[in-house]
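Novice: Here's the letter readout for the chains.
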Amino acid sequence: EAGVAQSPRYKIIEKRQSVAFWCNPISGHATLYWYQQILGQGPKLLIQFQNNGVVDDSQLPKDRFSAERLKGVDSTLKIQPAKLEDSAVYLCASSLAQHSGNTIYFGEGSWLTVV
Amino acid sequence: GQNIDQPTEMTATEGAIVQINCTYQTSGFNGLFWYQQHAGEAPTFLSYNVLDGLEEKGRFSSFLSRSKGYSYLLLKELQMKDSASYLCAVGDDKIIFGKGTRLHILP
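Taken in order, these protein sequences are the chains called U and B. According to the working numbering, the stretch in the first sequence is residues 603 to 717, in order. According to the working numbering, the stretch in the second sequence is residues 88 to 194, in order.
Isolated chain U, as found in the complex:
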């Protein structure tokens, strides 16, 4: 079974530039998550989708971050304009359904460095 696919794996951009990350979840998984993980910290949930609807985006900095999952399958996360503090790993994850014991499976992450 294919896992969660993410691209690009690594990206270096200058501050104030924009960047987009793509994620394809495990086939059949209705719930998709984007987490931000800063070095030395645990993953922080940015946004959670159930099919193509947003379940939670309370910690998404909406002035610069946006995410969509138009057809309820793959998703993109965009940052515009980027700040130095956005340097982090952006982890996409998926699960069969919203949490009630459903295991979350993570992709390998997209490493962003903002200089």
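Everything labelled a hint here was simulated from the structure, so no lab data went into it. C-beta: ideal position from N, C-alpha, C; glycine also. One should not assume that every hint holds.
To be verified - Calculated pairs, DSS-like style, for lysine-lysine (alpha carbon to alpha carbon, straight line, at most 30 Å):
(1) K613(U) / K144(B)
(2) K155(B) / K646(U)
(3) K186(B) / K685(U)
(4) K617(U) / K646(U)
(5) K144(B) / K646(U)
(6) K186(B) / K680(U)
(7) K181(B) / K664(U)
(8) K168(B) / K646(U)
Said to hold, decoys possible - Label-pair distances were calculated between CB atoms; the ranges are:
(9) T95(B) / V675(U): 35 to 43 Å
(10) K664(U) / T100(B): 41 to 49 Å
(11) F132(B) / G674(U): 22 to 30 Å
Said to hold, decoys possible - Not everything, but these chain U residues come out facing chain B in the computed CB check (under 7 Å):
(12) Q643
(13) G644
(14) L647
(15) E710
Given the structure of chain U, go ahead and fit chain B onto it with the hints provided.
Specialist: Frame of chain U, contents of chain B only:
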């Protein structure tokens, strides 16, 4: 509010046993997860507890006490490959992760 606490770092010796503790305070509770994360890699699922008690899976065991807001991950017969960060995560309407415990294994 929601808060998950775990030690920042721990060190243990190859072949020994180590216990990583996690305490949590959340508005709701739908279970507790432990994930393992090697440096530069994504977190991988280790265990899930929703009822009080001990869940054993090979060399790894996880314990939960809901009344105390407490869990631990027990790793036995430590191997060098167990050097990693261990993340405690609590599920409510969403899953919140702690900051992780970096475990160093000495030969």
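Novice: Do the alpha carbons of K168(B) and K646(U) lie within 30 Å of each other, as the hint requires?
Specialist: holds, 26 Å
Novice: Holds or violated: the hint that Q643(U) contacts chain B, with Cβ atoms closer than 7 Å.
Specialist: holds, 5 Å
Novice: Checking one constraint from the list: CA of K613(U) to CA of K144(B), max 30 Å. Satisfied?
Specialist: violated, 38 Å
Novice: Taking only the CA atoms, is the gap from K186(B) to K680(U) under or equal to 30 Å?
Specialist: Holds, because 25 Å separates the two Cα atoms, which is no more than 30 Å.
Novice: Holds or violated: G644(U) as interface residue toward chain B, Cβ cutoff 7 Å?
Specialist: Because about 4 Å separates G644(U) from the closest Cβ in chain B, which is inside the 7 Å limit, the hint holds.
Novice: Starting from the hint 35 to 43 Å, judge whether the C-beta atoms of T95(B) and V675(U) obey it.
Specialist: holds, 38 Å
Novice: With the threshold set at 30 Å, check whether the alpha-carbon distance from K155(B) to K646(U) stays at or below it.
Specialist: holds, 24 Å
Novice: Within 30 Å, alpha carbon to alpha carbon, are K186(B) and K685(U)?
Specialist: Cα-Cα ~22 Å, so holds.
Novice: Taking only the CA atoms, is the gap from K181(B) to K664(U) under or equal to 30 Å?
Specialist: With a Cα-Cα distance of about 19 Å, the restraint between K181(B) and K664(U) holds, given a limit of 30 Å.
Novice: Can you verify the interface hint for E710(U): is its Cβ closer than 7 Å to any Cβ in chain B?
Specialist: holds, 5 Å
Novice: Would you mind confirming whether the straight-line C-alpha gap from K144(B) to K646(U) stays at or under 30 Å?
Specialist: holds, 27 Å
Novice: Check whether the Cα positions of K617(U) and K646(U) lie no farther apart than 30 Å.
Specialist: Distance of about 22 Å is within 30 Å: holds.
Violation of the numbered hints given earlier is confined to hint 1; every other hint is satisfied by the structure.
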